[in-house]
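Chains as they are written, first to last, in my numbering: chain P, 1 to 281; chain U, 1 to 281; chain C, 1 to 113; chain A, 1 to 113; chain L, 1 to 380; chain D, 1 to 380; chain F, 1 to 196; chain G, 1 to 196.
None of these hints come from the bench; they were simulated from the model. One thing to keep in mind: the hints can contain errors.
To be verified - Quick look at which bits of chain D chain P covers, simulated, 3 or more residues with Cβ under 8 angstroms: (1) 61 to 68; (2) 72 to 81; (3) 87 to 96; (4) 234 to 247.
What the hints assert, rightly or not - Pairs of lysine-lysine residues, derived as BS3-like cross-links and limited to a Cα-Cα distance of at most 30 angstroms, are as follows: (5) P:LYS212 to P:LYS160; (6) F:LYS116 to C:LYS36; (7) U:LYS46 to P:LYS240; (8) A:LYS36 to G:LYS79.
Just so it is clear, CB atoms sit at the ideal spot from N, CA and C, and this is done for glycine as well.
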Amino acid sequence: MPEITKLIYKYLRHDKKFPHVWCPGCGTGIILGALIRAIDRTGYEKDDIVLVSGIGCSGRIPVYVDFNTLHTTHGRALTFATGIKLANSNLNVIVIMGDGDAIAIGGNHFIHAARRNIDLTAIIVNNNVYGMTGGQYSPTTPYGMRATTAVYSNIEQEFKISELAVTAGAVFVGRGTVYHAKLLDSLIERAILKKGFGVVEVISHCHIQYGKQNLLGSAVDMMKWQRDNAVTVQEAKRMKSEELEGRIIIGVLVDKDLPIYQDEYDKVRERAKEGLSSLEG
Amino acid sequence: MPEITKLIYKYLRHDKKFPHVWCPGCGTGIILGALIRAIDRTGYEKDDIVLVSGIGCSGRIPVYVDFNTLHTTHGRALTFATGIKLANSNLNVIVIMGDGDAIAIGGNHFIHAARRNIDLTAIIVNNNVYGMTGGQYSPTTPYGMRATTAVYSNIEQEFKISELAVTAGAVFVGRGTVYHAKLLDSLIERAILKKGFGVVEVISHCHIQYGKQNLLGSAVDMMKWQRDNAVTVQEAKRMKSEELEGRIIIGVLVDKDLPIYQDEYDKVRERAKEGLSSLEG
Amino acid sequence: MKAEKVSQAPEGASEIAPDKQPKPKRAAVTKIDIFKAWCKACGICVAFCPKGVLAIDEEGYPFVEDLDSCTGCGWCEIRCPDFAITVESRRKRRRVERKDEKEAPQGIPDAGE
Amino acid sequence: MKAEKVSQAPEGASEIAPDKQPKPKRAAVTKIDIFKAWCKACGICVAFCPKGVLAIDEEGYPFVEDLDSCTGCGWCEIRCPDFAITVESRRKRRRVERKDEKEAPQGIPDAGE
Amino acid sequence: MKKRRPREFLMQGNEAVVEGALVAGCRFFAGYPITPATEIAEIMSVKLPQVDGTFIQMEDEIASMGAIIGASLAGTKSMTATSGPGFSLVQENLGFACMAEVPCVVGDVMRLGPSTGIPTYPSQGDVMQARWGTHGDHPAIVLAPSTVRECFDLSVKAFNLSEKYRTPVILLFDEVVGHMREKITLPRPEEVEVIDRIRPTVPPEWYIPYEDTTQGVSPMAIFGDGYRFHVTGLAHDIRGFPTLRSDEIGPFMDRIHRKITLGFPEIQMGEFFQLEDADIAIIAYGSVARSARRAVIDAREKGVKVGLLRLITLWPFMRTAVERVIQKAKMLIVPEMNMGQISREVKRVNEGKAKVNTINRVDGLTITPQQILKRIREVS
Amino acid sequence: MKKRRPREFLMQGNEAVVEGALVAGCRFFAGYPITPATEIAEIMSVKLPQVDGTFIQMEDEIASMGAIIGASLAGTKSMTATSGPGFSLVQENLGFACMAEVPCVVGDVMRLGPSTGIPTYPSQGDVMQARWGTHGDHPAIVLAPSTVRECFDLSVKAFNLSEKYRTPVILLFDEVVGHMREKITLPRPEEVEVIDRIRPTVPPEWYIPYEDTTQGVSPMAIFGDGYRFHVTGLAHDIRGFPTLRSDEIGPFMDRIHRKITLGFPEIQMGEFFQLEDADIAIIAYGSVARSARRAVIDAREKGVKVGLLRLITLWPFMRTAVERVIQKAKMLIVPEMNMGQISREVKRVNEGKAKVNTINRVDGLTITPQQILKRIREVS
Amino acid sequence: MGERYEVRLGGSGGQGIILSGIILAEALGLYGGKFVVQTQSYGPEARGGASRADVVVSDEEIDYPKAIKLDLLLAMNQKSCDEYYRDLKEDGILVVDSTFVTQVPTSKAIQIPFTKIAREKFHREIVANIISLGAITELTNIISHKFMEAAVLARVPKGTEKLNRDALKAGVITARKVKESMRNEDIQPQEFQRED
Amino acid sequence: MGERYEVRLGGSGGQGIILSGIILAEALGLYGGKFVVQTQSYGPEARGGASRADVVVSDEEIDYPKAIKLDLLLAMNQKSCDEYYRDLKEDGILVVDSTFVTQVPTSKAIQIPFTKIAREKFHREIVANIISLGAITELTNIISHKFMEAAVLARVPKGTEKLNRDALKAGVITARKVKESMRNEDIQPQEFQRED
Ligand SMILES: Cc1ncc(C[n+]2csc(CCOP(=O)(O)OP(=O)(O)O)c2C)c(N)n1
Ligand SMILES: Cc1ncc(C[n+]2csc(CCOP(=O)(O)OP(=O)(O)O)c2C)c(N)n1
Ligand code: SF4
Ligand code: SF4
Ligand code: SF4
Ligand code: SF4
Ligand code: SF4
Ligand code: SF4
Ligand SMILES: [Mg+2]
Ligand SMILES: [Mg+2]
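Whenever a hint applies, use it, and build me the whole structure from the sequences.
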């Protein structure tokens, strides 16, 4: 049996939920594949994985996988995940969000989860658009592109999700694309294994809502664009900033070590039990 | 008549509202002074100034000044301000927020207003604590400090407000302290005059709620600390990162030019009128 | 961004260059299954097969046209958004190679054409 | 942070050093008013007057002890959180100086002691 | 060939809301996409810049609500539109608009709830939330169109009432009404009555922004007008400044409720259909009222004396209309796409006089004429 | 010298809520400071780590609500506490907890609203919001303590009901109750009945997370237990997966309401004080019930036959209790620190049988015994 | 048509079903002068196209806006044919795109390969829906050809008028042929008065 | 004391008014065995200290928790004296900190310079509130000295027991002197039974 078939049997709710809901060629399915391969490599038990999502096309991922799965409210996935992780730190909690979900309505939870270094893995499916609701611009829609709420072209500057994550304090930040699907496996794997708040930004394509409005062609065309415009972190270092204009820098942007919230909280518990309350001091 | 007396007569609602509500020695009053001096220097008419605040000790500032004043909901001041500015771009809209207000509950609005480059001035009174509600830790409370919700000492990493503003895209970012009150005048003045989203982070002190719990002494003591720990941007450049540990870098961190949202939107209007809608294309 | 200080190279980044593997000498080293009930005819597998193994039928679905050329690289499989195509390598050696990948997974692998 | 690239020096930053102004030769060049109804006796004006002009009474309120030493620098005034102390310089020249400041306000001014 | 008439359109309910808003003078829209209300934002984004208005997509619904309040304070008529999940999020700032008396319009296109529910399926589950969703006591005006033309009319009306009473007005309709396309004839803009807030004419020194007046509504200055006043969500005195005095708070609370009460005759709108001789009265609103109307016609054909009270204004609840109906009808049927929300109000004002039947449906399907007919047969 | 008794404390209402929660097994609290609820967070932050629980101060109330739902799904009893503005913000996620049937407890310490209102002044303005604040139809359990000891008891009860019925429970009390200190005697933890959610015992393959049962409540697996199931805010089938089928949605909606209805006898708590022979009945709750009790005693001294129905459970509304009261009492007085919220419910179930008087106060002051006595005199 | 006449168009996203519904409704309402309501149904959220559009037309104001018993069902794929056939009146008309609908539930079904025609004749699959509108015009009496043409031309992108006019015509002609070959006396809706 | 006995402590933030209220309530409730309710009032939000604490004590369960007509008012500053004096029963006791309260509304007011004593005798202003508790204990019959001392010692920070015990004592002694000098027969609360 091919490896992937084994993974399908092992991880997918394959007998009920497929074919899945996404449009033909949608990058979300590819990310789902990378996710299960990455999880498989980590060796974690299915019972110990909690997959949490927000609302959006990407938010439908949990339905398809045989973990503890949770589809929350729009933008709030990280808050639920924080509760899960702090309540039971044995669980490996992975959070999937769309760009709108994570950075528009959910932007605040994102930067705070990063700042606190909650031991979670955040995978952000950045397709530059609100896919689920039909193609409105998102905070990652580049300047000048079109969307159903930006028919005269978008005038807002885009957020760079990974860079925001770095500033907010994430200890692991990687960026990949769905085209570079194997890199994705490893980025996700590393983020999961990382102790602390790990972020993987995945450049995906929504050819149906975003591609169509911007005449970017089919899923294949948009994946070719990813292929042709990605540069690795190393390459990027050798390039001038003009050359980097419009390119996607892929690879690991940050990998550093900082104490996680849970460990710090263990110290709080110790101090609490020692009665070292300032209330009494 | 002393200059300040003139300013008091001109800008303060001096005949009804004073002495103000803040604790003796609170930095908020000093910031209020810097604000009216800065506004006076800009030469703007009082009728054209809108002062918007959120909720917190700092949020009470608007009550005291004779502008168009608006005291909104907690964390949302920038959203109200965005509406005001976009509805009437002749108004000079200045927003005052506390650290909790701007960066805890309001963090998302803050980064998005910066990203969109809405032509506003955001003044953030960073006293490292929730003053108004009685001394809980905020996202800027340093690791290891105490608060009424962190009696065993705070385990969270702090946000650097100015650095977050830079990453989010603010075109002007300055940091000052209440001790360096004249610098504050000029930072605020420059932020107001700046076209685009300007941020002034003011390191202030809350000796009553924060100082007391952390044995930092009186207002005077805490201002001395500001004096002794501030380094200018220039000095900071010459210092090693270890040396900068625990110091406050004051001065102008960013001053760059980018098109503002309103000007971009004017272009949208032009395109709309030309009928350049992609709906028809 | 202080990216320089904290970032780390994905190893094997140079592999982003086109596939340099020689065409396999023996025929049909792999077995390719296309599960039509799940396939949505997006064409991704066909477009990115580095060996031109796959083609599109008149309804838009992929089919195996040139199995002999297949190197078993698995790119069609992992880029399929619908888990509708699987590749089984019949050569033990390749399996092992892919196992190796598992041990050192950080590289940006062969990016196909 | 790309602070280096985009940041800009506040001019006159070096003025953060202690006040080097000579003690004025003539007495009582300024008039200091303390508006007790607003003053909250926080002590800031007293603590940071670079010339020791002010002192604290037994109830904690400030009073002018040594008016002659006052340079009219205005620090007490602008650091008072309660708009309770005002300084009027009687020397035309100083007023002008402060006007000048208005024209070029970016400096970090004299930080007192 | 017969030419299409100039102001005749095939139009969606959501689209008609936009047309109405624009005619009413709305020039600012801040929103966040959500099914089934997204079209309102999308069409606004196309049309507002054409008329020198402003559209902005905010980072969420909280921000959208904040922005429209800000825009209104700066003198621009403004609105947002959302659906249940977003409607839950606007509540805090909606309360601010009540407290600070800021005119603005909020559309809530109801989908199946609670929570994410089913985004594309209709419901009338937010009726009570529209009245009580924000904390603290506050008045509420909630209008419920049931045709596309009414989407237009009530959108205009919402702005007019909002301006006149200095209060947020909610346009509440279900997915069916929002998404359905009907042929409608739009009035010429000149034919539409547009009301603007009363602005102060006194000199700024005399201006008292929260003064009590005979109608309970104070003239409203806008930022930049030269009246520099204070606006806050705290309890405030007549000048707008925070107060802790119960003799100032009490009268204020009283006034913001009284101004609406005084406006009842104008605010409360309903349609009395075949009620004169009706023994059985249906009370319905939104798309369900359309099914009810059909059921009334069909039942009457079979000789059953049924009538329909169609509520156009949901809040303030139309006590007097119901009282009028139950003078004759001793049997009421209240069909709703919820577990019974307006029916509670009907029961409250009914005071045991008529028998109140409910038809409730919360499975994502609409209530059909047949379903209502069946109930009519059962009770008649 | 007389020694203080071991389990006797002078305790604030907010503090007693924490004590109750801890005894009930609460081990996770996520919150955001807000007057007058902050003490709950503060005390939790001190006590939870002492018992290996977790306190986290989130970035806002939305996040707090999300976090407690997450913690509960991971098997830890959890709560948050806030006041009006924050209560408005938790609404969306509160609806999620209803929909996904996640036990958790939310405290709302009511202050004067709407909007920022007066943070330090009491009110009872969020009673209707507690029932209807989130969008879509949903059940609600809302408990209203009026003494410090009851803060403890109802805190325990809130967790118990929440666990038993797999639903969020709201503890709703006013600033007076939250901040007042009373001498109370706490029971020993062993003496307190603590109910935990029923966990599945079937093998994972057989587990149906949203199965209908006789009581309408399905056993609840927790994440990590080996039952890998799906939780969503979308309408879902019995396995928890999204569905668009009305024949699945209908029964689900029905069940989540039915489970509460079946629990009425246990959920609905009230105190009948001197009602047997009462011609006049006061219906009150929270701190106002204390004034009402005093008024009853004083009035009885003057020979007026007055009684008090003190509502401990506000929602589901205690129809049967009111019906019992109006069998004798034909005059009702409903004093509330709002414009009339519970009185609407009283009117609804009263069906015209008794005369309903209201006393409403929204100026930040409490309703005094004198005020109620005066009304008793007026109506007797 | 004092009474309601109910039409349903079913298909998969991308087939232009909603546009067809709108054009049909505009033809009937704006040009034909009828009262008309068009509704549609969506999938999970508004992603991709909808699968179904209903058009209810009447001489009187329309109350209940959704189709209850269909007078006409156009099924552009097998799924919608299977799903909606049960809603068709006994004497209702079933039109299918035989490119995709290979199993018809009744021998009275009118089978036309709209997509195939579009592909082969116009090299643009996208016009299949316009072809189907031509067929509907011909197969029913609810709308005149002129009005339908006007409605189509008012909605299609500029520059594609000729293509769409030809497609519409192709639909009319093909339908006529099928009609004749079926001697389809039984597919005329009874109560409908032809508009002129 | 079948009936309620109502006490109000008023002052400004930082004077430890709330702590006094709590100690008084604990002395009465936990040691004295009474029913007791303590409430307080705040400024705009919970910033700084509160200005007022009410303690209601009774032998029966207490319903209405706030003070209505005061039996005892302790005013630690002028503002609270002015504001709350009108709530004092006609025969109620008014005790003021004469360090700050310079204008008393009645000649029957008991004037003791608590803060001055604290400053001069203990060099710690903060104990003024404890001194005032001593005075209250002495001036009323609601609580025994022992219980008050126990309550104080249970609440003050470790290491400050002696200081506070002394302060309490100082309050008692000063009050006794004042009482004597005033021949204050009229300040005994009538209905109160001394606890023992
Ligand atoms: C509070 C709230 N607001 C709005 C929505 C509607 N909504 C659903 S998904 C979505 C955005 C989806 O965009 P993104 O997060 O980028 O995910 P994608 O669909 O592109 O994967 C929105 C706005 C909602 N469900 N809840
Ligand atoms: C939605 C909401 N949550 C909480 C509060 C309570 N609250 C008022 S001010 C404040 C924080 C104040 O801190 P900060 O913004 O730093 O201002 P400061 O008082 O320190 O100046 C909080 C949490 C509120 N008013 N609204
Ligand atoms: S709408 Fe876009 S993101 Fe969503 S499933 Fe389709 S292609 Fe993917
Ligand atoms: S509490 Fe702190 S921030 Fe607030 S007024 Fe007092 S000192 Fe200032
Ligand atoms: S395994 Fe590689 S070579 Fe073979 S078909 Fe797939 S992509 Fe082509
Ligand atoms: S990539 Fe998958 S879904 Fe796409 S055509 Fe190939 S097998 Fe089918
Ligand atoms: S003006 Fe300067 S020198 Fe004079 S008193 Fe003030 S601070 Fe001191
Ligand atoms: S700084 Fe101002 S408030 Fe403080 S003591 Fe001096 S004059 Fe008084
Ligand atoms: Mg997206
Ligand atoms: Mg602060």
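Hint check:
no.	hint	verdict
1	61 to 68	holds (count 7)
2	72 to 81	holds (count 6)
3	87 to 96	holds (count 3)
4	234 to 247	holds (count 3)
5	P:LYS212 to P:LYS160	holds, 23 angstroms
6	F:LYS116 to C:LYS36	holds, 22 angstroms
7	U:LYS46 to P:LYS240	violated, 47 angstroms
8	A:LYS36 to G:LYS79	holds, 17 angstroms
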